Each structure stands twice: as C-alpha cells, then as structure tokens.
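**Q** Sequence:
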Amino acid sequence: MTWALLTACNGDSDRTTVQDTGSASDGSTTMDGGAESVHILSAFFGLDNGVPGLFFGCGFGLQDGMPIVLDRRIPLPALLDASVFVVHRASGAESPVGCATLAPADEAEERRTILLLGEFASDGDPPVGVEIVGTLLTDDGVDAKGALVETVVPLAAGPSIVLAEHYLISELPTGGTDECPADMDHIIKTTWEGGVSGPGGADLDESHRLGTTVEYASGEVRVATLLADAFDNDNHVEFCMSAPGEPVAITAGSGLYEDPNGDLNVLHTQVVIDAHELTP
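In numbering that gives the first Met the number 0, the protein residues as written are 0 to 279.
Derived by calculation from the structure, the hints in this document are not laboratory data. It should be emphasised that the depicted structure is a prediction, and the values quoted were computed from it without experimental measurement. There may be inaccurate statements among the hints.
Stated by the list, open to error - With a straight-line cut-off of 20 Å between C-alpha atoms, the simulated DMTMM-like cross-links for lysine to aspartate or glutamate are: (1) Lys-144 with Asp-80; (2) Lys-144 with Glu-178; (3) Lys-144 with Glu-130; (4) Lys-144 with Glu-219.
Stated by the list, open to error - Cβ pair distances, simulated, as ranges: (5) Pro-51 with Pro-74: 22 to 28 Å; (6) Asp-182 with Glu-149: 43 to 49 Å; (7) Pro-76 with Leu-53: 42 to 48 Å; (8) Asp-122 with Asp-182: 52 to 58 Å.
Idealized CB from N, CA, C, for every residue including glycine.
Take these sequences, add in the hints, and give me the full structure.
**A** This is the structure in structure tokens:
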C-alpha cells in the first residue's frame with residue numbers, strides 16, 4: 000500500500016545526522032512574546048501523483064502527498080479544513096491544499112501528523128515550505144495559525160525520524176491496534192517524516208529491531224525487546240524496552256526503512272526526549 004501515510008555507530012559521524020526537537024531553535028514548543036505557539040517539525044514530499052484521492056475522500060485521480068508533523072496533537076475528527084494550509088513553491092507560487100487529514104496516524108497517542116493532498120510540484124518548481132494560514136486548534140486549545148516550515152524534504156530523499164519520545168509503559172495513551180505489552184518498562188515512540196515499511200514494502204521485522212539501537216545516559220547501547228505500532232501503514236513505530244534506564248538517542252541503521260516512494264533511509268540519530276517535555 001504505497002499510498003499509506005507518506006506517512007548505533009557513534010564513531011561514524013561523517014554519515015550520521017543528529018536531529019534534536021527538544022529546544023526552541025529546533026522547532027519545538029516555545030513561548031513567543033508571552034503566547035504559546037505551535038511549530039511544524041517537518042514537511043515531507045512523499046509521493047508525486049501517487050495518492051488515490053478517493054481513498055481519503057478527496058476526489059478522483061492521483062494526487063501529491065505531503066505529511067507534516069507538528070509538535071502538538073490535533074483533535075479528531077480526522078478530516079480537517081484544507082483551506083488553512085498553503086504549500087509554498089520554489090517559484091514563489093502558492094499551491095492550495097485539496098484535502099487534509101490525520102488519517103492514518105489518528106490513534107489517541109498519535110495525531111501530530113497531517114497528510115496534505117493536492118498538486119504541490121511541477122517540473123523545476125518543487126515545494127519548499129508549508130504554512131498554516133487559518134485557525135487550527137490543538138488538543139490544548141492553542142491556535143496553530145502562523146506556523147511555518149521553510150524546508151520540505153525532497154521527493155528523492157528517504158525517511159528519517161523527526162521525533163522520539165520516551166514514555167513509561169503506564170504513561171502512553173492507549174487505544175492503538177498494536178501496543179507494547181504491559182510487562183515492558185518503557186517505550187520509545189518514534190514519529191517518522193512519512194510512512195515507513197521494510198524495503199520493497201515488506202513488514203518491519205527482526206532486521207529493524209536489531210538494526211535500530213538506543214543509547215542510554217549510562218553509555219549503554221541496547222536494542223528493543225519488541226517492536227509495536229509497526230504494521231498499520233502510518234509513520235509511527237514503537238520500540239518496547241524491557242529494562243529501566245534513561246534513553247538519550249535512537250539510531251536507525253542505513254537502508255532498513257523505506258518510504259512509499261521506494262526511497263531508503265540513511266543512517267541517522269535522533270535525540271530522545273522525555274514525553275513530558277513536549278506539549279499535548
């Protein structure tokens with residue numbers, strides 16, 4: 000289902016990108032002029048004329064798909080007002096959004112990713128930014144209007160983790176279809192720029208569990224006991240950890256994860272933040 004969501008080698012630093020969403024300069028929640036604000040953490044040009052609009056209630060024909068990830072959750076219903084989003088192109092033109100939906104990443108503990116559908120690119124004129132130009136309220140009532148990201152991950156790039164949150168097993172909201180078992184100690188919930196699978200669209204398997212490592216404050220490096228939330232065609236994967244500890248970073252090995260366009264990830268590391276540091 001390629002139209003699903005478009006949704007550790009520390010010494011190898013020349014091939015490792017380290018990302019951090021835990022401070023204001025990285026696009027996480029801040030207080031701006033005394034008022035709370037919402038930030039777009041990433042925009043990912045996932046498919047070019049590759050998403051069946053009809054599947055998302057967005058007309059006939061194939062459309063471009065671009066997931067954006069916010070630092071706050073958006074309440075249901077999943078289908079949002081598309082007119083509050085604008086895609087900026089390299090030429091300076093603005094592309095309207097035909098449809099906007101939280102699906103398929105619309106479970107209780109997700110709802111940070113919005114899939115935008117429309118016509119966002121033409122030859123020599125790719126998308127370069129996304130802006131929220133109308134009212135879009137978050138779970139905690141903050142208006143996302145004015146949020147802007149001025150970089151769009153290009154079509155040919157593979158997926159990366161944009162957000163990694165640390166939850167104790169008792170803290171993660173429930174209601175998902177494939178959750179970490181209750182005898183785990185904690186969870187590292189990853190949000191990718193777009194939907195991920197194994198190479199060739201295969202399910203995630205032992206190669207992903209063993210090839211994705213978690214570094215702890217103690218210096219220890221572990222792999223997950225189990226993977227969860229990994230088989231529902233969205234941009235979330237949970238790493239279920241059985242022993243206690245303070246995770247500080249997660250590294251995805253090169254070539255393990257594929258986006259709906261068939262592009263593979265590069266080796267990269269994402270800082271793990273305590274979920275309580277991020278707003279609802």
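**Q** Next step is simple, just say for each hint if it's right about the structure.
**A** Each hint tested on the structure:
1. Lys-144 with Asp-80: Answer holds: Lys-144 to Asp-80 is near 12 Å, not above 20 Å.
2. Lys-144 with Glu-178: Judged against 20 Å, a Cα distance of about 33 Å means the pair is violated.
3. Lys-144 with Glu-130: holds, 8 Å
4. Lys-144 with Glu-219: Since the Cα atoms of Lys-144 and Glu-219 sit roughly 42 Å apart, the hinted pair is violated (cutoff 20 Å).
5. Pro-51 with Pro-74: 22 to 28 Å: holds, 26 Å
6. Asp-182 with Glu-149: 43 to 49 Å: holds, 44 Å
7. Pro-76 with Leu-53: 42 to 48 Å: About 18 Å separates the Cβ atoms of Pro-76 and Leu-53, which means 42 to 48 Å is violated.
8. Asp-122 with Asp-182: 52 to 58 Å: Given range 52 to 58 Å: holds, Cβ gap about 54 Å.
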